[in-house]
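Letter by letter, the chains look like this.
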Amino acid sequence: MGDSQYSFSLTTFSPSGKLVQIEHALTAVGSGQTSLGIKASNGVVIATEKKLPSILVDETSVQKIQSLTPNIGVVYSGMGPDSRVLIRKSRKQAEQYYRLYKEPIPVTQLVRETATVMQEFTQSGGVRPFGVSLLVAGFDDKGPQLYQVDPSGSYFSWKASAMGKNVSNAKTFLEKRYTDDMELDDAVHTAILTLKEGFEGQISSKNIEIGVIGSDKIFKVLTPSEIDDYLQEVE
Amino acid sequence: MSELAGTIPGKGGFSFDLCKRNDMLASKGLKPPSFLKTGTTIVGLIFQDGVILGADTRATEGPIVADKNCEKIHYMAPNIYCCGAGTAADTEAVTDMVSSQLKLHRYHTGRESRVVTALTLLKSHLFSYQGHVSAALVLGGVDVTGPHLHTIYPHGSTDTLPFATMGSGSLAAMAIFESKYCEGLTRDEGVKLVAEAICSGIFNDLGSGSNVDICVITKGKQEYLRNYLLPNPRTYVSEKGYTFSKKTEVLFTKITPLRELVEVIEVGDAMEE
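First to last, the protein sequences are chains G and Y.
Just so it is clear: in the first sequence, position 35 is 34 by numbering that gives the first Met the number 0, and no numbers are missing.
Just so it is clear: in the second sequence, position 104 is 103 by numbering that gives the first Met the number 0, and no numbers are missing.
Rather than coming from a laboratory, the hints here were simulated on the basis of the structure.
Among the hints, a few may not be true.
Once the Cα atoms are required to be at most 27 angstroms apart in a straight line, the calculated DSS-like pairs of lysine-lysine come out as [what the hints assert, rightly or not]: (1) G:Lys195 with G:Lys164; (2) G:Lys101 with Y:Lys19; (3) Y:Lys102 with G:Lys219; (4) Y:Lys122 with G:Lys158; (5) G:Lys91 with G:Lys216; (6) G:Lys101 with Y:Lys122; (7) G:Lys91 with Y:Lys122; (8) Y:Lys102 with G:Lys91; (9) Y:Lys220 with G:Lys101; (10) Y:Lys67 with G:Lys141; (11) G:Lys219 with Y:Lys122; (12) Y:Lys67 with G:Lys216; (13) Y:Lys102 with G:Lys88; (14) G:Lys219 with Y:Lys220; (15) G:Lys216 with Y:Lys122; (16) G:Lys88 with Y:Lys122; (17) G:Lys101 with G:Lys91; (18) G:Lys101 with Y:Lys67.
Same shape as in the complex, but just chain Y (with noise of 0.2 angstroms):
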């Protein structure tokens, strides 16, 4: 055996033996686990002022619909926030954790948060997860240099676009973006754009649904729209109610405390000697 092939390196770095089994296993007809879609639109776009960013509301677990309205636009800086596609859990952890540096950094350097900070603390996360850490993000915000928005891919590597979409609805989105983006679009050009980008990701794709959410950052101001538009409302309820019909009659109430209370009286020379 030579010495270079199976050696682990001294301290640290990445140790390929499950790579060499991982082989082995599929070479002898081992199906390897497949992708989990991330159900999701998320967008984003820089207009005249600043960085607006968009997502859908649908969480999904398989082909179910886990959560009607989750928030997928989350907190990084006061200055810079980040949508989030993948698993939710991985998302909101990480986003959570960085934004939590950010903070620390914020005290120890008495300066604002910079975009590119916040970039490079989640991808060097990201990449020493080598992609385990399943989440597709869009960040965006404006600082001293100026508005900025990044893609954010699981395995750690970045892109600085104008306009960027992400999730298994960013084709539709992308395909709204591609036709009506230019430059310099003004704050409620920028919206409906978004807003547009975002319908498209909802009744196009399987994955996204529900409402829109809309986060527009510009200097020194941010603007959270949550639920800017509610495309899916639930407009067939039953008037009538739905009432149950009373089967058993109460005949008799009686109410038995689990716990009785005790009254401790003290008597002054108790425990005396």
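Bound conformation, chain G alone (with noise of 0.2 angstroms):
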């Protein structure tokens, strides 16, 4: 196929008006593990599955849902240090502006600034795409909202969200499962049965996590033993 002469290159565009780079980027995003986001009336929930490559691993040791500020939360799907580069960009970019203007960053700012630091690495000599897709999760004056990032920059607000291994299952789910009237605890139980529509093995509070924001406006982790109570609520 004429694409393949130009897919080593990132800053080339292939015949067909693509930059096969990032086509790959989003196969690496594809691959890796189920993440989804939905957003409530009241707040916002998003969950991954946790799959470590050793029951050796320490799973205390692994989080995969970081905050970026204390109103707004990320997960990903794809290479995790990737996401970590990310992340620390972030965080220091929502500092940076709280310095210049003594306003906690509102969620759309933030997700514009973490999209321009990807589309950067799209456009420049001697880099690669991030292999990761964002869902950033917060909660300001405009209420709740849900943003997925991918790694072309661009970046969509969504009422509800798969990404990686099992997208298009969960989405069909998602899509028949989600009403606009929503509210956060639904939301958190609608979330662990889509995880559990792909899920292979036990689903337990060790091999996933999620994380809330309510209308505190406060992002938290859930601990393994919140993520019981609402596993036992499930079943």
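From the two separate chains plus the hints, produce the assembled complex.
What follows is the structure, given as structure tokens:
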């Protein structure tokens, strides 16, 4: 195919008008662990599988869901190390915004700045695109918000979204189950059920992670015992 | 000219060229600029459960009181506060910047900030500006290793002390501390002692005045007692109030808007073809 001749260099368009490296980055995301997010009427929930490479790994040392500011959290699908770099940059940008304007950064601004970083890596020499897609969940003056940011640097606001391995099944499930007036607790249940859909093995509080932000505008990652409570309600 | 005398270091390092110029000017009779007095009294002490910081609230511009009730106790972290004496802009900017750095550090490590971290960030910054950032700070807080109190001087040197005072009123406040401080004070005794020391600075030093601010930091809790004492109230206010006699009658009022509102009515086929 003509495209393959153009797939090695990031900064060269292929004849069909695509940047093939970005397509490959999206494939990397698509083979990552499933993660999803749901926007409820009074909050946002994000969740992900936490499949560790071996039972010998200390699962308490791994945390995939991180907070960027007290009221914005993020989860990723794809290459973990790439997400670490982005999270670090985003935290710094949020802090610089606060230093300059003495206002906590609005969710849209932070998403835009993160997306700008990701886009820069698609138009520079000697670098490769990030192999992650991020789901950013936040609650500010405009209410609860959920954004997805792709390796190309494009971002969209979603009512509910999924990424990673099981994306098509998860999205179909979410489309059926999502309602506009869902509350945060219902959203958490729906998130768990969606994760369960494509889950290999037994789902438990040790192999999933859930982060929520409610009307108190504080993002927190649920503890394993809190996840257990929700899991019991779902069973 | 020997090679060593006028060599500029390859990369970075301090260039002493201007020091030679200053010496030359001084020998010709030019007086160097005098030091600006830091009009403030700030204190800190360690008591049995943690740290108490205190400050007055007067900001001066030479002989004029610029702000009668300013805040000199700055937030650094939930468990660390810093009093600042010297140029107000310098203390605010430096504490703001280090507070920001501490916040990012907390995100990256997932742990509570330590007082020594704040101390090191502040002193390295001040040292690299060779004393031109005129900020004399009293830094206090409680972290996992216990309560800590430090003083930081504008050139970047630090002291670790059980009780400390800084600013132009420091001698007045230190006199109180030296006579009445002992280890193992309770919270109430500590607050009373700090308030006394600040009051001593307020009444005996021209550069300090107005009210007393206190901040009590203990493990897991901090209380910011803004205007804990108001020993300088305005007691004489005219009861009759101030009135000005009416001189001009209003005969006629007309309001003309500066901008006219224009309504745009869209006509369907306006821009076709």
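Practice item. Would you pick out the hints that fail for this structure and give their numbers low to high? Key: Of the numbered hints given earlier, those the structure breaks are 2, 4, 10, 11, 12 and 15, listed in rising order.
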